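Participant: Residue-level listing of the chains:
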Amino acid sequence: DVKVTQSSRYLVKRTGEKVFLECVQDMDHENMFWYRQDPGLGLRLIYFSYDVKMKEKGDIPEGYSVSREKKERFSLILESASTSQTSMYLCASSDPLAGGPRDEQFFGPGTRLTVL
Amino acid sequence: AQSVTQLGSHVSVSEGALVLLRCNYSSSVPPYLFWYVQYPNQGLQLLLKYTTGATLVKGINGFEAEFKKSETSFHLTKPSAHMSDAAEYFCAVSRRTASKLTFGTGTRLQVTL
Numbered sequence: 001d002v003k004v005t006q007s008s009r010y011l012v013k014r015t016g017e018k019v020f021l022e023c024v025q026d027m028d029h030e031n032m033f034w035y036r037q038d039p040g041l042g043l044r045l046i047y048f049s050y051d052v053k054m055k056e057k058g059d060i061p062e063g064y065s066v067s068r069e070k071k072e073r074f075s076l077i078l079e080s081a082s083t084s085q086t087s088m089y090l091c092a093s094s095d096p097l098a099g100g101p102r103d104e105q106f107f108g109p110g111t112r113l114t115v116l
Numbered sequence: 001a002q003s004v005t006q007l008g009s010h011v012s013v014s015e016g017a018l019v020l021l022r023c024n025y026s027s028s029v030p031p032y033l034f035w036y037v038q039y040p041n042q043g044l045q046l047l048l049k050y051t052t053g054a055t056l057v058k059g060i061n062g063f064e065a066e067f068k069k070s071e072t073s074f075h076l077t078k079p080s081a082h083m084s085d086a087a088e089y090f091c092a093v094s095r096r097t098a099s100k101l102t103f104g105t106g107t108r109l110q111v112t113l
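If you read the sequences in order, they're chains S and R.
Heads up: the first sequence is residues 1 to 116, going by this note's numbering.
Heads up: the second sequence is residues 1 to 113, going by this note's numbering.
These are computed hints drawn from the structure, not numbers from a lab.
Predicted, not measured: the structure shown is a model, and the values here were computed from it.
Just to be clear, a hint being listed does not mean it is correct.
Stated by the list, open to error - Short derived list, chain R residues pointing at chain S, Cβ under 8 Å:
1) 30
2) 39
3) 42
4) 43
5) 44
6) 105
Said to hold, decoys possible - Covered stretches of chain S, as calculated for chain R (at least 3 residues, CB under 8 Å):
7) 38–52
8) 103–115
Glycine is no exception: its CB is placed at the ideal position from the N, C-alpha and C atoms.
Only chain R is shown next, with the shape it has when bound in the complex (with noise of 0.2 Å):
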């Protein structure tokens, strides 16, 4: 079985300030890792995905996020906050890329001035 866990339902920065978004997941194979965001009345766009390869995987929007396998770790951030970044973000892993996705429970980014 495969499982996410984000830590921080909600994360509140100052606009121009580093965003880190934490993402832990549970995984018996090799793992697929996503993070989409879901910006209000809208559905899930993705921001970024790791397959294989480069485990620093570099997104839309001046995302990246690092796979790290022996922290079963695959943190998002962006060195500098926008106002448009305020969103929800979801963690997501599965056993191959286009299979089921199990998510993470979400993280309400808030941006402030």
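Chain S on its own, in the form it takes in the complex (with noise of 0.2 Å):
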């Protein structure tokens, strides 16, 4: 089974802060897509990659960063957090070569940051 695991379920960092959030998934992977969930506003895209040292900006880059160093492990950044990123982030993966029922994006358990 694909599994996308998030190094954190639960996080509280203070205005200022710089905060990383970790992803990695174990299916070998060439795309990966960081999402943030809020209430009445459903999941919406920050940045993706589709390939190791490549990143794309989504809907709502602004006050993020991303890394891909590695094609496992996609990390999110925040360069300076702020309350308004208090949210849910979720990470996930896909295969763009993959076909039938693998071809979908898997999703890992998420991160609830809470910024004071």
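Take the two lone chains, each set in its own frame, and fit them into one complex as the hints suggest.
Facilitator: Following this line, the structure appears as structure tokens:
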């Protein structure tokens, strides 16, 4: 089974701190994604990556950056955390060459980040 | 650009009743459509997807959805609700499978006795 793991389920940080959210997938997927989930807004794409060292902005990249030094790991970085970044963060991965039932995005359990 | 509209942020049904969750999409290219479910404190799980071919798609846990191009809709149904179906459901669209998803705002399904 595909497994997408996120480094923390719950995280509490202070305004101005630099925050790292880590995501690791074990299926050699090329595509990785970071979404944030907020009540009433659904999931919104922050950044995504189609290959190592490649990244593309999603719909709401402001205040975030990403790093993908290895294929299995995709990190989301909050350079200076703000209270508006309190949210649930979900990582996902997918294989663009997969077919049939494996042709989907697989999600991690999420990290609930609170910025005080 | 693509977008998804889910009508009804909260839907309540009785156990055994029909479940109908509505999803309309906008896309300038033939869409790939998905329904995901999220149980409390968990990530998202794929229920079903439409890519090409048959417009009636069957998924897990007895759910199905029908792609209607003329109505730009992809509504999710289940003939008989079960208490375990209580969760939040998200409709999503993409340009191709395994690509970035654009989600709707979600519908929380409550199932009552």
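Participant: Is the interface hint satisfied for residue 39/R? The criterion is a beta-carbon contact with chain S at less than 8 Å.
Facilitator: 11 Å, violated
Participant: Quick check: do three or more residues in the segment 103–115 of chain S have a beta carbon closer than 8 Å to a beta carbon of chain R?
Facilitator: It holds, with 7 qualifying residues against the three required.
Participant: Regarding the hint that residue 43/R lies at the interface with chain S, is the smallest CB-CB distance below 8 Å?
Facilitator: With Cβ-Cβ at 4 Å, under 8 Å, it holds.
Participant: Regarding the hint that residue 30/R lies at the interface with chain S, is the smallest CB-CB distance below 8 Å?
Facilitator: 16 Å, violated
Participant: Would you settle whether the hint for residue 105/R is holds or violated, based on the nearest Cβ-Cβ distance to chain S being less than 8 Å?
Facilitator: 4 Å, holds
Participant: Identify whether the interface hint at residue 44/R stands, where standing means a beta carbon of chain S within less than 8 Å of its own.
Facilitator: 4 Å, holds
Participant: Does residue 42/R pass the interface hint, meaning its C-beta sits closer than 8 Å to a C-beta of chain S?
Facilitator: 6 Å, holds
Participant: For the segment 38–52 of chain S, count the residues whose Cβ lies under 8 Å from any Cβ of chain R; is that count three or more?
Facilitator: Our answer is that it holds, as 7 residues pass the Cβ test (under 8 Å) against chain R, meeting three.
The structure is inconsistent with the numbered hints 1, 2, although it conforms to all the rest.
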